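As a plain string of letters, each chain reads:
Number of protein chains: 2
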Amino acid sequence: MTDAVLGGDPYLIISSDCHAGLPTEEYRPYLESRFHRDFDEFLAGRDRRREEMTRLGIRNEDFADRWFRDNEEGLRGGWDTAQRMKELDGDGVAAEVVFPDADAVDSRTAAPFGVGLGLSGDQDPELGMAGAQAHNRWLADFVSAHPERHCGVALLPITGEVSEAVAEIHRAKESGLGALMIPAMWAGKEPYHDRRYDPVWAAAAECGMPVLTHSGAAPREEYGDHLGIFVSEVTWWPARPLWFLLWSGVFERHPGLRFGVAESGCWWLPNLLWFMDRLYLGAHGGKKLSPFQELKRPPHEYLDRQIFVCATNTKRRELAQRYEIGVDNILWGSDFPHPEGTWPDTRAWLRRTFHDIPVAETRRMLGLAAAEVFGFDVAKLAPLARRIGPTPADLGQPADQTAVEASWARSRETGRHWLTDHDFPVLGTGPGFPVPGVTR
Amino acid sequence: MTDAVLGGDPYLIISSDCHAGLPTEEYRPYLESRFHRDFDEFLAGRDRRREEMTRLGIRNEDFADRWFRDNEEGLRGGWDTAQRMKELDGDGVAAEVVFPDADAVDSRTAAPFGVGLGLSGDQDPELGMAGAQAHNRWLADFVSAHPERHCGVALLPITGEVSEAVAEIHRAKESGLGALMIPAMWAGKEPYHDRRYDPVWAAAAECGMPVLTHSGAAPREEYGDHLGIFVSEVTWWPARPLWFLLWSGVFERHPGLRFGVAESGCWWLPNLLWFMDRLYLGAHGGKKLSPFQELKRPPHEYLDRQIFVCATNTKRRELAQRYEIGVDNILWGSDFPHPEGTWPDTRAWLRRTFHDIPVAETRRMLGLAAAEVFGFDVAKLAPLARRIGPTPADLGQPADQTAVEASWARSRETGRHWLTDHDFPVLGTGPGFPVPGVTR
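Going down the list, the protein sequences come from chains A and B.
With the UniProt record's numbering as the guide, the letters of the first sequence map in order to residues 1 to 440.
With the UniProt record's numbering as the guide, the letters of the second sequence map in order to residues 1 to 440.
Hints are supplied without guarantee of correctness; some may be wrong.
[As the list claims (entries may be wrong)] Restraint ranges, calculated between C-beta atoms of paired labels, are given here:
id, chain 1, residue 1, chain 2, residue 2, range
1, A, Gly-415, B, Asp-65, 35 to 45 Å
2, B, Lys-287, A, Arg-220, 44 to 54 Å
3, A, Thr-420, B, Met-53, 49 to 59 Å
[Unchecked claim] Listed below are the simulated DSS-like cross-link pairs for lysine-lysine, each with C-alpha atoms no more than 27 Å apart in a straight line:
id, chain 1, residue 1, chain 2, residue 2
4, B, Lys-189, A, Lys-86
5, B, Lys-189, B, Lys-173
6, B, Lys-173, B, Lys-380
7, B, Lys-86, A, Lys-287
Source of the hints: derived by calculation from the structure; they are not laboratory data.
None of these values were measured; they are calculated from a predicted model.
Glycine included, C-beta positions come from ideal geometry on N, C-alpha and C.
Start from the sequences and build out the full structure, keeping to the hints where you can.
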């Protein structure tokens, strides 16, 4: 690694999970005119939908009032480029991956026909694609002002006509977008192991556009008004396509495909990987089953080659498991401008979260891994990062990393214990740590 | 604790997950005669169903041939009492919790109308209850020969008429059964947060019968012939009712209810608990949501009071997490007579798995915790356990436990790190272990 990457230089920070979207009514010029009547109906249902969200507890009236009052100016960064640059700079974020739905409190910036974060396979195919294209057109404009700082994520409803989805991939690519968000749920349509989707995976690989799911869709009709149920499983549904793609051989047939799960944490990944690796490698529990012929290597090899997590506001418990997940598979994100993210206090969040994590690994998780996955130009971003990025010292990380590195040595050596002949995982630092002199 | 519990005495082993069932055609006398014609149809479909399982890879022809040839005598213990006692004794198992479906390879002992391990909410309500009652009647007979050694699990389809389910709970209790298995999936019927089920939970609590789900049901129509997908999520579906009951306040309204998840591992529980506790305790990510008014205490308190896992063939990775799960919430099981279990080599399995686990905790997980949950009479079982149970020395556990206890001290003290003010989990033993002199 070069001096620019190591040492005390400021971090190049790339948020792998940010959000942008127009106030919904402003999508009209981006929408084909033959859908304007449907759009009027969609707009007319906004109050009813907000009331329903409040009734279900997903929207807290008091919190919403305070949120919009306290953050009025910054929230305009959801669609206003100049304001957004100011907010990203303030957070020390040099570049970002841009998902839809800037407003996660009142849904004032929902993409037409609800094809944003709630994108689900049971969308009306025609309206779904129309709404997605409206957002994708606007987003291409939006990211064109500072193309080096954004990777725009095109909305891609794939459970409708596959040929249309493939055409939209190429159109999105040509327009300057860099990734694709598919519905987290197929909702009664063909599951993602189906060969009908092969042209989609092939086109994504050909265009070098990572395919992503993002948390949002869930079978809400099963939850009544019990919000805790929703939150307890909302991260499972976007993760689910991962094992549908993996076991049906999609990563084997499309080695150029990259697949990521966004804003669903990464705490679930080590257990899943352990479980799937053992199954493939012939664990006792699976001996009565037929072998897995669609795979040519164990699941962790596909993970390290083609899968990643946009882990957003990474938790300390998750960082403790990074040698099982794979340091390079964890892409931090600020979730700007959502209240569950770290904005506008990202610098303080980073210090609390990363102070005793090795600098070299922090650089990967905060930006360099995302640069590789999404194709950001690190050289172009370097001058900006030097100006706005926090330094390791700002994160409370000591200049002499010897003790910090030593504190993680046993965890790093053990790694994925089921592959390194260890019975038990080793997570977290050893005894005698935290290291004296490392501030929290 | 008494000397009988500690020291070098043999273990009292209770398997929290075993299986028994008649060869399917022999259920006829236990089935009301008005369902005999339906039963003939069900029997006629057996070959077709077995071929389908083979096609899907769930059944491996070569393995099946070998399994039945090598284990012909022991497998009769699936329904023959004398043979069963011999097999349990051979494994060192003093008592057991008895789920349906002795044959997990060819389904030759499937309960009528498929209400066994695959019990799902979309059963025909009338046939479902008829099949369940047939199995429950036979099972009551079966466990009556050695009542102190069995807790029979009654099949309870609850998505049909609630009043019938309540009546069946009382009938099962009076007949000598001790627990209740409900469908893991509601499959389009009312989810388990629905108040319609309150009489079921109340009756189960009143009768002191734990309510269980067991792995088996899953949305197989979504998997195609991709077996890996099925196995990757088959443990999630039976666990799912846990958070539906918890967040809808069922454990608050029915403090006498005990709920367990069987043969689904326990590796998923720490992350779920961490996630739910943090959500309830006001984590940043949930601040935009309404508070959780149906609960009066954090999720871990309900877990420790009312929830348990029949963790079956416990894995070393899971044991490493026992201070997060709660030692008393983990109930080991042999899964007799299923090939994915430990029979007929249970003694060797126990040695490989528990050799460096403290004896006092091993006693809880191998039997004493299950005795409390299912109401086994420990005093009555003690003479048998002394005769057949392996000793700590048989499991490779040293007589002097000082070093073993010390090796787990840091993990035990950290416990559920989010409640003990630790950032990171501490799983597994400290460095410098395994302890010299502790054999594997």
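Evaluation of the provided hints:
As the Cβ distance of Gly-415 (chain A) to Asp-65 (chain B) is approximately 39 Å, the hint placing it in 35 to 45 Å holds. Between Lys-287 (chain B) and Arg-220 (chain A), the C-beta spacing of about 21 Å breaks the proposed range 44 to 54 Å. In this structure, Thr-420 (chain A) and Met-53 (chain B) break the distance hint of 49 to 59 Å, their C-beta atoms being roughly 36 Å apart. For a cut-off of 27 Å, the pair hint linking Lys-189 (chain B) to Lys-86 (chain A) is broken: about 51 Å separates their Cα positions.
Annotation: proposed proximity of Lys-189 (chain B) to Lys-173 (chain B) holds, straight-line Cα distance about 26 Å (limit 27 Å). As the CA atoms of Lys-173 (chain B) and Lys-380 (chain B) are separated by approximately 20 Å, the hinted pair is consistent with the 27 Å bound. A threshold of 27 Å between alpha carbons decides the hint, and for Lys-86 (chain B) with Lys-287 (chain A) the separation of about 25 Å falls inside it, so the pair holds.
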